[in-house]
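Colleague: When you get a sec, could you build the whole thing from the sequences and use the hints?
From first to last, the protein sequence lines stand for chains E and D. Take the first sequence: its position 13, counting from 1, is numbered 13 in the numbering used here, and each next residue is one higher. If you want the numbering used here, it's the position in the second sequence, counting the first as 1, plus 441.
A few of these clues could be false.
Unchecked claim - Just a sample of chain E residues kept apart from chain D, beta carbon distances all over 10 angstroms, derived:
| # | residue |
| --- | --- |
| 1 | 21 |
| 2 | 51 |
| 3 | 74 |
| 4 | 131 |
| 5 | 254 |
| 6 | 265 |
| 7 | 295 |
| 8 | 317 |
| 9 | 346 |
| 10 | 401 |
| 11 | 413 |
Claimed, not checked - Some chain E residues close to chain D (C-beta under 8 angstroms, calculated; not the full set):
| # | residue |
| --- | --- |
| 12 | 293 |
| 13 | 294 |
| 14 | 310 |
| 15 | 318 |
| 16 | 428 |
What the hints assert, rightly or not - Derived coverage of chain D by chain E (criterion: at least 3 residues anywhere in the stretch with Cβ under 8 angstroms from a Cβ of chain E; other residues may be distant):
| # | segment |
| --- | --- |
| 17 | 520-532 |
| 18 | 535-545 |
| 19 | 570-580 |
In case anyone wonders, no lab produced these hints; they're calculated from the structure. No residue lacks a Cβ here, since even glycine has one placed at the ideal position from N, Cα and C.
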Amino acid sequence: MTTVDLGDRFGGDGVQWGAILKDAGMAALVALVLTLLLFGVRLSDGGGGGLQFRPWWVVIAVASVFAGRGAVALWIGTRKPASAAALPWFDRALARLSQHKRLLFAGFFLAVAILPLLPVADRRMVDLATLVMIYVMLGWGLNIVVGLAGLLDLGYVAFYAVGAYSYTLLAIHFDLSFWACLPLAGAIAALFGVLLGFPVLRLRGDYLAIVTLGFGEMVRIILINWSDLTGGSEGITGIAVPTFFGLRFTPTPAAGETAFHQFFAIPFAGIHKLIFLYYIILVLALLTHLFSERMRGLPLGRAWEALREDEIASRSLGLNPVLVKLSAFGIGAMFAGFAGSFFATRQGFINPSSFTFIESAIILAIVVLGGMGSQVGVICAAMVLILLPELARDFAEFRMLLFGGAMVAIMVWRPRGLLAHRVPSVRLGPEPPGARRGGPP
Amino acid sequence: MSALGQPDAMVPAMLEVAHLSMHFEGITAIDDVSFSARRGEITGIIGPNGAGKTTVFNCITGFYRPSVGRIALDHEGGRFLLERMEGFRIARDAGVARTFQNIRLFPRMTVLENLLVAQHVKLMRASVFSIAGLLGLRRFREAEAAAIEVARGWLDRLGLLMAADREAGTLPHGQQRKIEIARAMCSEPKLLCLDEPAAGLNPRETAELNKLLLDIREDYGVGILLIEHDMAVVMGISDRIIVLDHGAKISDGTPGEVRNDPAVIRAYLGEEDDPPAPSVPGPPPGGGRP
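Modeller: This is the structure in structure tokens:
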């Protein structure tokens with residue numbers, strides 16, 4: 001741990017004043033270089049366009065950096081050496097919680113299941129919960145590619161876009177229902193996943209990340225420029241909402257048609273549609289979860305993990321790397337396609353600006369912060385990363401700052417993600433007490 | 442099996458390596474090497490560092506495509522020309538399994554999972570592209586239970602049952618070596634290629650390894666190719682030994698023959714000396730080759 005090393009440098013036997021002063025001095029020097037022009041010189045507003053010098057600004061900045069850095073070093077030097085484990089109390093709390101994991105998961109699942117029916121649930125809350133659920137599903141889908149197969153994919157949003165546009169175009173041009181389009185959109189997205197997989201079969205790590213990033217941008221730019229089909233940057237509007245067994249959610253049903261509220265003889269309320277959408281995404285997300293948990297115990301899922309761990313050893317055991325990689329890309333993309341269909345139907349309109357790189361980055365952040373391969377971690381990370389910015393709308397300008405701060409904090413204290421524990425897919429002996437499992441969300 | 446590995450004309454060779462050469466951008470790593478190996482025998486490959494032993498292995502197991510030469514494997518599954526096959530097919534179809542000089546277990550997976558990945562081909566077939574597996578059909582569940590039994594059998598044999606559910610990367614070096622051999626055997630090979638299995642083992646572990654390899658030869662009738670620097674292992678258990686030096690084969694015969702071959706003594710100890718060859722010191726294990 002770096003903190004321990006620093007502790008030795010500044011503390012050890014008594015406080016090392018020399019080291020602390022030197023460290024603070026270096027920081028102050030950097031601050032001087034940085035602020036000399038940034039703070040110290042200013043173009044004057046007056047007509048002449050001359051320069052204004054503000055030496056005091058620089059002095060204050062450098063002095064505060066010196067004092068701040070010195071204080072931090074002093075604090076590191078005088079405190080007790082940190083334990084090597086990152087946030088031990090966090091692990092202890094997790095261990096305690098996991099003793100009651102079945103109860104916890106059951107309770108959480110129940111809460112999620114009845115959330116929209118609670119009296120406190122208003123439109124905004126249900127809508128927000130739906131949004132979080134979309135990202136949870138995307139996170140679980142990407143987890144197959146990144147967490148299990150270890151293929152760093154920075155263009156995951158491309159498949160989300162393919163799913164959304166496939167659904168929309170199929171629904172509009174062929175007049176197919178949501179339920180008929182959903183599997184088709186998933187299949188088309190999976191096809192694109194395999195398509196992307198082929199050229200990147202030989203790439204790993206950074207190189208793979210770059211190519212997938214490019215792929216994501218390609219898809220977005222094609223969507224913008226192929227205006228005949230996709231409506232360009234205007235997008236497509238008027239996407240139908242799925243029906244509840246043929247019952248539409250509308251206050252004014254067409255002649256001879258029964259709307260949802262009429263069938264159940266309740267007054268019309270806009271929230272019915274939202275609640276319905278919430279349950280659709282809940283089911284889709286659960287499907288993703290159950291599928292990937294199940295896959296982990298199957299030979300293909302184990303092959304994904306083996307490939308992540310050591311590709312050469314996998315090949316020496318007869319695993320076909322082409323098949324293993326393409327299946328991971330394809331299946332991961334399929335779930336993004338499902339999520340994309342849902343996104344399109346929920347929004348009612350789509351345009352390429354919903355599928356920018358930042359979306360890929362957020363989904364990847366959810367997977368990485370949650371702990372690669374951890375299903376529960378994805379839920380936690382999605383709640384933090386999606387709910388926080390939505391709830392803190394007033395701080396919208398600082399959204400990225402919060403985001404970056406959270407990332408840095410996690411990487412410092414839990415470098416392998418919030419819940420980094422890997423649960424074996426199969427056991428010979430009994431499960432040790434207190435072991436955590438990725439149960440139902 | 443022929444006594445002391447005396448070439449037995451009646452038993453045909455399983456692996457025939459003929460005129461194998463491998464060039465890397467002008468450097469000749471292997472130069473016209475020919476040898477054969479039989480099933481039910483342990484064939485040792487020795488030679489000073491840089492002699493080309495691991496390159497021979499990489500050619501046989503498909504990690505390199507040889508520049509010249511033929512590598513033919515014959516067994517009841519058919520005849521395979523390994524120099525033309527992709528690496529994973531050599532493992533899957535031709536039945537060649539290998540271990541690595543620097544252990545390559547799947548470190549974050551448990552020992553049991555490692556042994557199950559080795560049975561991938563069989564399980565994948567039973568899971569019918571994962572569909573039978575997803576549905577939890579009996580056909581798949583039975584195949585998986587059988588695979589777990591195979592793994593349990595190997596762990597029992599190695600005395601590592603207690604480690605089954607531990608992450609492979611957390612185990613001591615000696616145990617990882619054994620598990621890597623067990624993993625290779627779980628893929629039901631016809632030919633087992635071991636790249637310095639005794640590297641980094643203490644004398645007790647080395648003795649256990651010897652016994653394990655002899656048992657494997659006895660019980661499974663596989664052919665074993667063994668690269669090793671530890672002379673106690675090679676001389677003790679090999680039926681035949683092939684000696685490479687600077688990419689060329691310089692000797693081929695029983696341990697007794699090889700030990701007294703002047704060419705071998707020269708290669709290891711230089712021209713001037715005439716010391717007792719059996720104590721030929723191996724270069725330190727885990728040398729710098731990839």
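Colleague: Quick one, is the residue 293 of chain E hint okay against chain D at 8 angstroms, beta carbons?
Modeller: violated (11 angstroms)
Colleague: Please check whether the beta-carbon of residue 21 of chain E is more than 10 angstroms away from every beta-carbon in chain D.
Modeller: holds (43 angstroms)
Colleague: Far enough from chain D: is every CB of that chain over 10 angstroms from the CB of residue 254 of chain E?
Modeller: Holds: least Cβ distance 41 angstroms, greater than 10 angstroms.
Colleague: Say whether it holds or is violated: residue 413 of chain E keeps its Cβ farther than 10 angstroms from all Cβ of chain D.
Modeller: holds (21 angstroms)
Colleague: Min Cβ distance, residue 294 of chain E to chain D: is it shorter than 8 angstroms?
Modeller: holds (6 angstroms)
Colleague: Would you settle whether the hint for residue 310 of chain E is holds or violated, based on the nearest Cβ-Cβ distance to chain D being less than 8 angstroms?
Modeller: With a closest approach of 5 angstroms, the residue 310 of chain E hint holds.
Colleague: Okay, the segment 535-545 of chain D and chain E, do three or more residues pass the C-beta test at under 8 angstroms?
Modeller: Our answer is that it holds, as 4 residues pass the Cβ test (under 8 angstroms) against chain E, meeting three.
Colleague: Taking 10 angstroms as the cut and beta carbons as the points, is residue 131 of chain E off the interface with chain D?
Modeller: Residue 131 of chain E clear of chain D: closest Cβ-Cβ about 29 angstroms, beyond 10 angstroms.
Colleague: Determine whether the non-interface label on residue 346 of chain E survives the test: each CB of chain D must be over 10 angstroms from its CB.
Modeller: holds (28 angstroms)
Colleague: If we take the beta carbon of residue 317 of chain E, is the closest beta carbon in chain D still more than 10 angstroms away?
Modeller: Check fails; 5 angstroms does not lie beyond 10 angstroms.
Colleague: The output says residue 51 of chain E does not contact chain D. Does that hold with a beta carbon cutoff of 10 angstroms?
Modeller: holds (58 angstroms)
Colleague: Against chain E, does the segment 520-532 of chain D show at least 3 residues with beta-carbon separation below 8 angstroms?
Modeller: holds (count 4)
Checked against the numbered hints given earlier, this structure breaks hints 7, 8 and 12; the rest are met.
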